Every structure is written in structure tokens, then in C-alpha cells.
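2 protein chains.
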Amino acid sequence: MNTTQQQLAEGILFTDEYQFTMAQMYYRLGLHEKPAQFDYFFRDYPDYGAHKAGYCIAAGLEWLLDWMQEARFRPAELDCLRSQTGRAGTPVFSADFIGWLEKNGNFDGLSMRAIPEGRVVHPNVPLAVVTGPLAAGQMLETSLLNHLNYQTLIATKAARIRESGRGQLIIEFGARRGHGKGVTAGARAALIGGADFSSNVGISHALGLAPKGTHAHSMVQAFLALGMTELDAFRAFAETYPDDCILLVDTIDTLGSGIPNAIKVFEELKRRGHTPIGIRLDSGDLAHLSIRAARMMDEAGFPDTTIVLSNELDELSIWQILTQIGQEAARNGLDADRLIRRLAYGVGTRLVTSAGDSALNGVYKLVALRRESRWVPAMKLSDSPSKIPNPGDKRAWRLYDRRGKATADLLSAKDEVPADQPKIVLRHMTESNLKRSLVPKDLLKIEPLLIDVCREGRTVLASPSIEQIRALRQSDMERLDPGVKRLMNPHIYHVSLTEKVWQVKQKMIASMRSGLPGKAHR
Amino acid sequence: MNTTQQQLAEGILFTDEYQFTMAQMYYRLGLHEKPAQFDYFFRDYPDYGAHKAGYCIAAGLEWLLDWMQEARFRPAELDCLRSQTGRAGTPVFSADFIGWLEKNGNFDGLSMRAIPEGRVVHPNVPLAVVTGPLAAGQMLETSLLNHLNYQTLIATKAARIRESGRGQLIIEFGARRGHGKGVTAGARAALIGGADFSSNVGISHALGLAPKGTHAHSMVQAFLALGMTELDAFRAFAETYPDDCILLVDTIDTLGSGIPNAIKVFEELKRRGHTPIGIRLDSGDLAHLSIRAARMMDEAGFPDTTIVLSNELDELSIWQILTQIGQEAARNGLDADRLIRRLAYGVGTRLVTSAGDSALNGVYKLVALRRESRWVPAMKLSDSPSKIPNPGDKRAWRLYDRRGKATADLLSAKDEVPADQPKIVLRHMTESNLKRSLVPKDLLKIEPLLIDVCREGRTVLASPSIEQIRALRQSDMERLDPGVKRLMNPHIYHVSLTEKVWQVKQKMIASMRSGLPGKAHR
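Protein chains in written order, with the numbering used here: chain A, 2 to 523; chain B, 2 to 523.
In isolation and in its complexed conformation, chain A is listed as follows (with noise of 0.2 angstroms):
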């Protein structure tokens, strides 16, 4: 892909036909500057197979708004349009669509609520809610899914993998194995959802971190080939590197060559008053490497160097780790909690591809239109009533209760305060006889979720840092409860309607299915 050809497929076209071929048809109908509603969830937390998330973390807003700032209608590519022809031959785009493109096929006349980055998110609440003319909120749907799915995918799983890690250091190595430039993207989520530096020297500077890295396999490769030895290869990178120096100890044999060789090396920094950092494990069984690595470089006199383990990890291969160790560590003479905490995680392919769920299935929904001078509810019915979306302008509401964990989300009509009422019902999503009633003053805090981002095409969001998102996700996490961040079977967190939310819901399904006001059977 050559600069022209990215610059077409990154910029506003980067988005399904169908969105062009529908806001030309509201165009030709005068539709296509009614004012729409669309709202940006997902439907269910990624399953991996053997394992679920009881949770999200959400991210990719930023990016979604800097495309929108610059995603414009070139002469490029409006060209391209023009040049699109049916199967009549004739064009698919008229003369006076793609004139209106050119003036108004921006994003300027859209506003945006979004949950912001960082935060814990949950199925069917809004994390974002577009506002604005028909045409231009269908137009940004391909763009700002793709910019929140994936983010939010990749950050959850950071999560997992932090958690999972019980807090040690983690570094996001996925650049190499992950999907093409969104790696980046990739890396960008993982940084804020759990890891803590990247090894993407790009992106770790756009994003203002350092990146890091050790060295590898190659390296003592090349020493053998030119007939000198892993030994000799660690000295002249711990003489490169002297305070900063990682050895890779698995190109031969990691115990028989690799850590007595490292160890030889540390000695020689330490003599001449460095300190050395660590070793990495690549490869075999990493947690009984890990308690013999650890009991060699305690005899040798270097308790506190770090043990970076990397090779298809994630949060089960991490897990398994951590119990083996507490299984194995005493028997070994070693402390399996100082074990564990001298222990730091490279997380690739399975971190960046969130391998075992490799989407999100978030979806954007037109839920009101506004007509004449009121807005209007839109639904879509379908078989699974969970896949029914919720209608209308809606809120979204964080219930904490009194240990100030996060008890409920609440999805309210846009008039309601859940806090001004003297009993609050939760309706379940789907099974009308499921619900439950809290009074206000049993919690501790009743707080809106969504917040203004972007007001008519400007963004109204102050950038925070990657430091900052972080913040927000260790708030959000201490305050789930344990039993939602459990990495197996996870405590299903309730998210549910008020009764008034839940009540329209209800009588448009019914008037839908009789035909009104669809009418569609008549």
C-alpha cells in the first residue's frame, strides 16, 4: 500500500458502501437531514471458549474523534464515487449527491455522549450515543465501530491478563503477530486496559511512553555462527547495555547454558557497580523454569532480578503459571509469593488478537427520529428478544451500593433521575418477570455514565492521557465487584431498564408485531 492509496482507504471512505448508497436515497427523499439517534453498544462480553469476561474496558473513543476531525471529502474522494457505475452502466452517485458530499459529507453536525475511555463497561448500555442528520450518523457507523470494537476487545483482555498477573509488570508484545497497522491501535488499548509499556517503539512514543524490550534469539544466533559463544554474546549486550541489561537465556539450553551464563555476566556488571535487571524465559515449561531460574540466581546472589516470561501468553497460560508455582515453590525452597512478584510478562499474539474471541459484537442501532417536532422511537424486532435493541433517547446510570461496589447499570428515559425517585425499579432487559426495587438512600452513589464528547462536529472531550484512562480503569475495577472479575464463570453484573424505558420498549414490540405502526401487513 503506497501513501495514495492509504490515504483513500484511511480517510472518509474508510466505511461500508451502503452507508453512501442509503444517504444518497435520504438525500433524493429530503430525509437526509432529519434528526437521528443512534446508539453504540455491545450485545454480550467476549466469550473465549473456555473462559468469559464478567466485563469490559472501554476504549478507542479518542481515536474515533481525531478520524471524525479529519476524515473530509477530497477531490480524490469524490472522484472515486463519480466513478462508480451500476449494472446499467450508469453512475451510481448523481452530480448533485456527491456536490453535497463535497460540502456536507463531514461530520460536522453530529454530537456525541460517550462512557469515556477507561472505564467498566457492560452489554446493552450505551457507550455511545450519536445525534445529528440522518445522512452523517449513518455515514460514521463502519468508522466508529471499528475504532470502539476493537479498542474495547483489547482492552478488556489487558484487564484480564493484569489481573490475571495479580499486578506485575506486563509488556505488550503483539506487533508482529497481530492485524496489520492495527497493531497499534492494538497496542494503544492493551496500554490502557492492563499492560504497561509496549514494545512498539511507535506507538509508545505518539503515546508519550517509553517503549521496551530485551533482545533476541538471533542475537546469540549470530554470535555462534561467527564462532564465538552465548557468553560472549551476553557480555557485549550487557557491556552495550550495562543498567539495562535483560538476558534471553533459551537460544541453547536454559538451564544447562542460559542462566549460568547470565549469571556470569551479572557478576561481572555487578563488579563493576551496575545492576542488572533480569533474564527472559521464551520457551518450555515456564513455571518450573522460573522456580529454578529463581533458586539459581538467589544462590548466586541476585535475589532481586526480575523474570520476564514471554510465549503465548495470556490470562489462562498465566493463571496456570501462578498456581504451579504456589504448588511447586516451597518444595523447591522458594517463597512463591516473592517468586511471583519477581515476575514480569512479554504478551503478544493471544493480548493484541484477543485470541479465543477475536470481535466485539458491537453494533450501532438508529433508536429515534425526530418527526415534526417530537422524536420518535426506532426498533428493529427480531426472533432472540435480547437482540431487540432498547428505543429511544436514553441515560445510562452506575448504581453503587453501600461498600461502594458497582451494584447495577440503569438505562432511564432522558427525563428520569433514578436518584429523585423514592423507590427505583430495575427491570431485567428481556423477562418481564424479573425485577427487583432499590430505595436511593440504600446507595452510595447514583452517577451518569455518558458524557459530552463532541457538540456539532467539535471535540468538546479534553484529551487525557494514557496515565489518566488508567486511573479511571483502577477506580472502575476496585469498585466490581470480586466475583464479576473472576476470569472463569464470572458473577453476571445486572444492567436493566427502568419501568418507563421498559414499558415503550414493550408497547413497540407489540405495535410492531401487529403490524403498527409498520403496517407492514396490510
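FYI, nobody ran anything at the bench for these hints, they're computed from the structure.
Predicted model only: the values in this text are computed from it and were never measured.
It cannot be assumed that every hint is accurate.
Note that the list lumps identical chains together, so a pair holds whenever it fits in one copy or between two copies.
Pairs of lysine-lysine, BS3-like flavour, derived with a Cα cap of 30 angstroms [to be verified]:
1) K35 <-> K486
2) K35 <-> K265
3) K53 <-> K271
4) K442 <-> K424
5) K388 <-> K104
6) K406 <-> K442
Assemble chain B onto chain A, guided by the hints.
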């Protein structure tokens, strides 16, 4: 991500930190310009859990070469490296090394042989062989892996989906849930591997193809919210696109409303002299609904309309749909084969994320280094024999049997020409007792697989069009044994070593294990 961040993230810093720290160490030792050779290959076919590929389709090369041409150290990149400090607070990269990078930190010294895009490829065969200065070859690693791993993964998935769909039309729909901007690479790979079109506007135009699409549920919802009907929506769409009319029929009720309304609109189009294209089904039992839809449209006099299926499709779900149609069509008075030839597929998420196995395990290994005037093979040991790379400068050949079917890929030493040998011995990659021999006259053809694509930084591969790449794929697929193409439990294609490569490898393993020339145990 704004433009400045993007340029930083996607340029020459699109790599892992350790590539630069290793390069600096080589520079410090005067090894940075030692001629080196690296092989890129993958170790296993994608394994989707319930099923596994028996072949891959190479893709990504052209975009890698474009990246190599454009990636350069600009002041911004050099400033990033300059700004890095180590644990002791001193700069990680010295001024002299940064000066060297500024002048020499590009890929102008590298040459590459590769297997062209679109070709069927197998594990352990080098898909790309990079030769040139050690530091430059090392710094290329991450980006090369990123470009080739992902596109090969997706081209492979697309080929499987095409096989499963029996060659019917496939449209790539993945932009909304794929991995960030990686979806442009994913769309390209899908178009190489098996998709006919993409819904993604930008990348389609960038590749010179027409984007395709239908319409969304939101279009029908908008009409309903405005007090109109599904029929009104369909009519308006047909009015705008009379010769390109595909109607999405499941917003309210597929059989009760969507299809009857679509038929009404098709009749109106027909009266006005237009030929409707068809309908799209996006939910429910797609096999059953296809049969019912086909009957309804047949009875209404539209036996040639297309039925586009979508909704989380992949090779297995398409296989299931076609199997079910095969079993149920006749009972419903339809010819199954005729119905299957009416189908087209919109395939999104599961295609561009390669659901089930979201990464190709491709690696980039140092295989040789020049020492004085001769090349010395390099290798890395592993406890798992299949992970020990094949050392040295090799050639890759494909052997075709008398039927013209590919029977094995063979890795030879660079000076071996299998066709000139009286008997070709094919050694198993790891098992010493598995070998077979062939005589060249029993083979239809012995074909070299690697071609020159880049000489000293200059691309010498004429960029083939997507159509040309597809023709290569098609021709390779036809020469693949049907057993190898099976969706589940495919026959294992043979990838073998010549006796000479086998002997070199065994000698190196023995020598490294005995501590020579590594001498790590001395």
C-alpha cells in the same frame, strides 16, 4: 490518533524496541554490516479448533515492499530515539549510532526472494528470504512479520470460505469488527484469497475494484419511525437503485413481511423494465429461510434473483447451510444445486479476524551469516524438534506428480537442482526414519518457488493486479489434491528436506548439543 501520531506509529518506528537495541550493539561491535540471511516461514497451518487448514495462501508481500520503500528516519523518528533514557538516566542510543541510523537506517542494503502472493504455501517453507547487513535485516523483522503473517492468515481463511461456498460470490464485510486500520489489509487479503468484492469503499477503490453493498436495517427502521412502512422503504430504495436493487428482508419479519414486500417491489421494478438483483437474509435459520425465500420468489416469477446470506458466516456455517439445503430442498420442491447457485455470501467478522485462530505463527529466523568469505549456517536449538529451524541458504521447490498435482515441497541447498539428480530423496523435517525417493521422470514438473522481489532495497517485482494474484491462487488451488483442501482433517501435504539439508541440520544440532561451536558449556 492524529496525523503526527500516525506517521510516527506507522513509519520506520513500526517495530519492536529490541531491534534497535540489538542494532546498536552490532554497531558498537562493528558487526552491523555483516552479511546475514533471515528466513520467514510459518510453523503450522491455522488451527481453528474444530477444524484446521491444510494449506495457506501467501499474501502481504506488495504492502511490505511498499512499506520498506517509504519507511525512513526523519528528524521526528530520530528525536524519539534520542529522547530514550535507560535506568541510569543516560541516553539509550548514542549520538554516533543515531547518526548512522540517519544515513543507513533504511532497507537499501537488503535483498529479498519470496513466494509470490496468491500462491498456495506450506509450513517451514521460506515464504521470504532476506539477505543483507545484519542490523538492517534485524530491524526489518517486526514489520515483515506483521505484513506477511496477517495477510497470509486472512487470504487462507478466504480461500477456505470460497471452497466451502462452492465458488459462489463472496463479499467481504469485515470493516466494522476487524482490528482497527488492519481491516484494509484484511480486505485486500480476503480479495486475494477468495472474496470477489469488499463492502469497504476506500480499500476497494485503492485496489481498483468496485465496492459492493445492500442496505441496513436502520433504513427500514427510519421509515417506520417516520410513520411509513417497510414497503415504502423498499420502494424508495428501488426507485433510487432500480438496476442494483438488493433488499434486506429481516427488519420486521422475514417470511411474513420482508419477502412479500420485496416481491411487490420486484414486480413494480419488472413492470418498469428493470431486473431486480435479489434479497439479503441476515438472521435466523439461513438454510431454511433460503429455501422458503427461493420458493416464494420462484412462485412470484423471480427464479433468478440472488439470495445474499450474512450473519457471522464462515466456512463451517456455510458448509452447514449448504448441507441442510441439500437435505431439505427437494422436500420443498426445489432443486438444491440450483438454489445453491443462487446464493451469495456477505462474510465479515469471522473472515477478517480469522475466527478460531486469530494469528499465523510465522517467524523470522537468522539462518546464515557471512564469516570472512563464506556463509556459515546459523540455528537455534529447541526442546521441540519441530521448532528447530532449517539452517543455511536454501532453495524451495514444488514437485508435481504425473496428474499435475503438487505432491511435495522440497527445501534444497542453494547449489542443488533436484531436476538434475537421478533420484530425489525427500527427508521428513524431523523424523530420521521417514524418507521417500522420487525419480525426476515420474514428475511432471519441478518448480522453483522463490523469486527475486527486491535487490538492494529496490523492488524488482512488477506489482501484479489483484486479478493476476487471484489467477495464481486459482491455478495453485486446482493443482492441490482434494484431500489437502478438505475443510476438516485435511491430508497432510509433504514438506521435505534434501539429504544434504538434512545432514547439515543434523550436524549442527549435534555440534551445538555437544557444546560446539557454541562452547556454551566450556
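Quiz prompt | Violations among the numbered hints, reported as their numbers in ascending order | solution = 1, 3 and 5
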